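Given only the sequences and the hints, what does the whole structure look like? Please build it.
If you're matching them up, the sequences are chains V and U in order.
Note that this note's numbering gives residue 231 to position 231 of the first sequence, counting from 1, and the numbers run on in steps of one.
Note that this note's numbering gives residue 316 to position 3 of the second sequence, counting from 1, and the numbers run on in steps of one.
No lab work stands behind these hints: they were computed from the structure.
Here the structure is a predicted model, which means the values were calculated and not measured.
Please note that the accuracy of each hint is not assured.
[Stated by the list, open to error] If you want the ones that stay clear, here's a sample from chain U, every Cβ over 12 Å from chain V, calculated:
hint, residue
1, T332
2, G343
3, M529
4, S561
[As the list claims (entries may be wrong)] So, partial list: chain U residues that the calculated Cβ filter (under 8 Å) puts toward chain V:
hint, residue
5, P444
6, D451
7, V456
8, L458
9, G459
10, F460
11, F462
12, F569
13, I617
14, I620
15, G622
16, M625
17, V626
18, S629
19, L633
20, L637
Ideal Cβ positions, reconstructed from N, Cα and C, are used throughout, including at glycine.
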Amino acid sequence: MDVGFVLQQIINGFSLGSMYALIAIGYTLVYGVLRLINFAHGDIMMVGAFSAFIALGFLTGWKFNHISMFVFFTAVGISIIVTSIVGILTYVSAYKPLLDKGAPKISLLITAIGISFFLESLFNVIANQYLGGTYQAFYFPKWFSTIIHVGSLTIPVLTIIVPILTILILLGVLFILYKTKVGIAIRALAFDIYTVKLMGANSNFIIGFVFALGSALAAIGGIAYSMAYPSIDPYMGMLVGLKAFAAAVVGGIGSVTGAVIGGFILGFAEIAIPGFFPELGGWKDAFAFILLIFVLLFRPTGIMGIDFERQRF
Amino acid sequence: MSAKKYFALIAIVTIIFLTFLYFSPNIFGGYTITVLGNIYIFIILAISYNLINGVAGQFSLEPNGFVAIGAYVTAILLLSPEMKSELYMLTAPLPLIRDVFLDPSKPFNPFFALLISGAFSSLVALTLAFPVFRVRGDYLAIVTLGFGFIIRIFLINNPEISNGSMGLDSIPGFASYFWIGVACLVAVILVYNIVYSRYGRAMKAVRDDEDAALAMGVNTFKTKTLAFMTSAFFEGVGGGLLASSIGSISPDQFTFMLTFQLLIIIVLGGLGSMSGAIIGTILFLGGMEILRPLDQASWHLGPIHGIPGLRMVVFSILLLLIMLFARRGLFGNKEIWDYIKIKKQNSNE
Numbered sequence: 001m002d003v004g005f006v007l008q009q010i011i012n013g014f015s016l017g018s019m020y021a022l023i024a025i026g027y028t029l030v031y032g033v034l035r036l037i038n039f040a041h042g043d044i045m046m047v048g049a050f051s052a053f054i055a056l057g058f059l060t061g062w063k064f065n066h067i068s069m070f071v072f073f074t075a076v077g078i079s080i081i082v083t084s085i086v087g088i089l090t091y092v093s094a095y096k097p098l099l100d101k102g103a104p105k106i107s108l109l110i111t112a113i114g115i116s117f118f119l120e121s122l123f124n125v126i127a128n129q130y131l132g133g134t135y136q137a138f139y140f141p142k143w144f145s146t147i148i149h150v151g152s153l154t155i156p157v158l159t160i161i162v163p164i165l166t167i168l169i170l171l172g173v174l175f176i177l178y179k180t181k182v183g184i185a186i187r188a189l190a191f192d193i194y195t196v197k198l199m200g201a202n203s204n205f206i207i208g209f210v211f212a213l214g215s216a217l218a219a220i221g222g223i224a225y226s227m228a229y230p231s232i233d234p235y236m237g238m239l240v241g242l243k244a245f246a247a248a249v250v251g252g253i254g255s256v257t258g259a260v261i262g263g264f265i266l267g268f269a270e271i272a273i274p275g276f277f278p279e280l281g282g283w284k285d286a287f288a289f290i291l292l293i294f295v296l297l298f299r300p301t302g303i304m305g306i307d308f309e310r311q312r313f
Numbered sequence: 314m315s316a317k318k319y320f321a322l323i324a325i326v327t328i329i330f331l332t333f334l335y336f337s338p339n340i341f342g343g344y345t346i347t348v349l350g351n352i353y354i355f356i357i358l359a360i361s362y363n364l365i366n367g368v369a370g371q372f373s374l375e376p377n378g379f380v381a382i383g384a385y386v387t388a389i390l391l392l393s394p395e396m397k398s399e400l401y402m403l404t405a406p407l408p409l410i411r412d413v414f415l416d417p418s419k420p421f422n423p424f425f426a427l428l429i430s431g432a433f434s435s436l437v438a439l440t441l442a443f444p445v446f447r448v449r450g451d452y453l454a455i456v457t458l459g460f461g462f463i464i465r466i467f468l469i470n471n472p473e474i475s476n477g478s479m480g481l482d483s484i485p486g487f488a489s490y491f492w493i494g495v496a497c498l499v500a501v502i503l504v505y506n507i508v509y510s511r512y513g514r515a516m517k518a519v520r521d522d523e524d525a526a527l528a529m530g531v532n533t534f535k536t537k538t539l540a541f542m543t544s545a546f547f548e549g550v551g552g553g554l555l556a557s558s559i560g561s562i563s564p565d566q567f568t569f570m571l572t573f574q575l576l577i578i579i580v581l582g583g584l585g586s587m588s589g590a591i592i593g594t595i596l597f598l599g600g601m602e603i604l605r606p607l608d609q610a611s612w613h614l615g616p617i618h619g620i621p622g623l624r625m626v627v628f629s630i631l632l633l634l635i636m637l638f639a640r641r642g643l644f645g646n647k648e649i650w651d652y653i654k655i656k657k658q659n660s661n662e
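Okay, here's the thing in C-alpha cells:
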C-alpha cells in the first residue's frame, strides 16, 4: 500500500467529514439549548441546497453552462439567508408554541419529525412541479473542480477548501460562543434556561439566533455536499442529517468542538473503510449508526465527554 | 369489570367481528375489501407501535425495520426451494436460506411462519435494546431510525439472502381477507391484555415518571425492553401478513414513509390509546383513499391542481396541526369507552 493512496484517503475523509461537521454543529447547538434532537435539521440542509440551486437558476436564467464566481457567491448568500429564516420559522411556528405550553418532550420530537416530513414533501412537490423532476444536477463554477496534482495525488480544489472553511467556521462559532454577549447568553441558556429567563434575558431572541446560526451552517454544509456529489433531491437531507447527528453524539453532543471531531471521524470511516476493504463499500451508509451504537454502549457522553447535567459547549 | 363480564364482552366482540368478516366480501366490492384488509394490517402495526410510543412513552421510529424483517422472514420461509432458486437472479441463495430447515417437500405452515417472523423481529429488538436503553434520552429515536436504514442496506447488499434490491415475489397468498381480519382481532385482544396487565401498568409508570417508577421498584430497563420486544413481535407478524397479502416485497417498500404514516395514525388517535390507534388507522387510511385524487394531475378545485406528492404535504401539515392545537389527539391516553363511562356517570348524577 503506497503512501499516496493513504494520503488521498485522508484528504477525502477530511473533506467529507467537514460536511458532516458543519451540519453536526447545528444539532449540537440546538440540543445544548433546548435538549431537543432537531430532526428537521437534515432537511434544513436540503433547503439550503435547494434554495442555492433555485437562486442560481434565477440569477443565470436557468442556463448553468457559465456560472461566474460573483453569481455563485450571491446565490450562496441568498441560500444562507433563506435557510436561516426557515430555521427561525421552524422554531417560532412549531417548537416555541409547544415549549410555551410546557408540552412533553415526545410532542416536540413528533413535531420535529412532522416538520422534517413537511419540508421533504413540500420540496418534492416543488421539484416535480417547477424544476422538472425529483433529482436535479447541481451546477457550480468550474474552478471548484479544477484538479491539483501533488505528486501522485489528484485533489479537486473543493476538497481542500471545505475542510479549511470548516476549521474557520469552527473558530468563528467558538469566538461567538465565548467572546460575544450573545454567545455568553447562549451558554447561560444552555446551563439553566429558567434562571436566564428570570434574569430578564430575551430567551426567544437567543434561541432564534441559535436556530439561525445552525441553519446557516447547515446551508453551507448542504451546498458543499451538493457540490461534492453534484446532485440534489428532496430526501437528501434525511440520511445525511442522521449521520451528522450520529457524528454529534460520537463527538459528545452539546460540544461544538466535539461535533467537528465526530464529523471528521465519521468522514474518515466512510472514506477509509471502503478504500481499504472494498467489499464493505455497500455498507458505507451503515457505519454511522454502528459507530453510534458502540458509542452508546461504551461511552454515552461521547469523545468530548460532556455531562449533560453539568456543563455544555 | 369482573372476569366473567370481561370474557363475555370479548366473546361478543369476537362474534360480531367474525360475522362482519365473513359477510363483508358479499356486501362490499373488491376495492373496499382490499382497503379493509389493508386497514386490518395497519391496525396490528398501529397498536403495536402505540405500545412502545404511547404506552411506554419511549419515542421510537422502528416499525419500518421490523416490518421489513417480518416480511422477509415470512417470504423466505414460505417460498419453496425451487421457487427461490428461480427467484434469486443476482446470486444463488445460501443453502440455509434455500432449504430453510424443515422438510423441503412440504410447504411451511403459514401460522408458524408468522410466529417465527415475530420472534425474529423480537430478538433483533432485544439486541437493539441493550445499547439504547442503557442511556436515557432520545437516542432510541435516532438508533431506530438508523436501524431502518441498516436493514435496507443489509437487504440490498446481501443478494444471497434477500435477492438484493430486486426483492421477492410470488409469495404464497395465505393471508386472505378473512385470515388477516382474524390475525387483527387476535393481536388487538393480546395487546389489550398486555396494556392492562401488570406489565402494561409498569410501562405507563415509566412513561409518566421514570424516576418515580424506579423508586417504586419497577425494573425500568426490563419494562422498556419488554415493551420494545412486544412491539417488534407484532410488527414482524404484521410484516409477514403484508408480504403475503401483497405477494411481492422489495427493500423500497419499507422506507421511513411507513413509520411516518403509523406515527400520524397513533398521534391522531391519541398516544397511549388503543381504541384511538384503531380509529386513527381507519380515519387515516380512509382519508388516504379519499385524498388520493390530490396526487393526480387531472384533479382540480378551482385554480388548485393535483400534484404528485401533494397528499403527503397535506398529511404532514395535518400532523403538525394536531401536535400544535390538539396534542392529545382524539382520545388522549384514555380509551373511547372511558369517555362513554364518564358521560354515563355524569348523566346519573
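No chain V beta carbon within 12 Å of M529(U)'s:
holds (20 Å)
With a cut-off of 8 Å, does the beta carbon of F569(U) approach a beta carbon of chain V closely enough for the hint to hold?
This hint holds: F569(U) lies near chain V, its Cβ roughly 7 Å from the closest one there, short of 8 Å.
Cut-off 8 Å, beta-carbon criterion: hint that I620(U) touches chain V:
holds (5 Å)
Hint check: is the beta carbon of G459(U) less than 8 Å from a beta carbon of chain V?
holds (3 Å)
Using the nearest Cβ pair, does V456(U) come within less than 8 Å of chain V?
holds (6 Å)
Double-check M625(U) for me: the hint is only fine if its C-beta lies closer than 8 Å to a C-beta in chain V.
holds (4 Å)
Is the interface hint satisfied for D451(U)? The criterion is a beta-carbon contact with chain V at less than 8 Å.
Hint on D451(U): holds, closest Cβ of chain V at ~5 Å, below 8 Å.
Proposed interface contact between L637(U) and chain V, which counts if any beta carbon pair is under 8 Å
holds (6 Å)
Are I617(U) and chain V close enough, Cβ to Cβ, to be under 8 Å, as the hint says?
violated (12 Å)
With a cut-off of 8 Å on the beta carbons, see whether P444(U) makes it to chain V.
holds (4 Å)
Does the closest beta carbon of chain V sit nearer than 8 Å to the beta carbon of S629(U)?
OK, holds: S629(U) within 8 Å of chain V, min 4 Å.
Reported absence of T332(U) from the contact zone with chain V (all CB gaps over 12 Å):
holds (37 Å)
Consistency note: the structure conflicts with earlier hint 13 alone.
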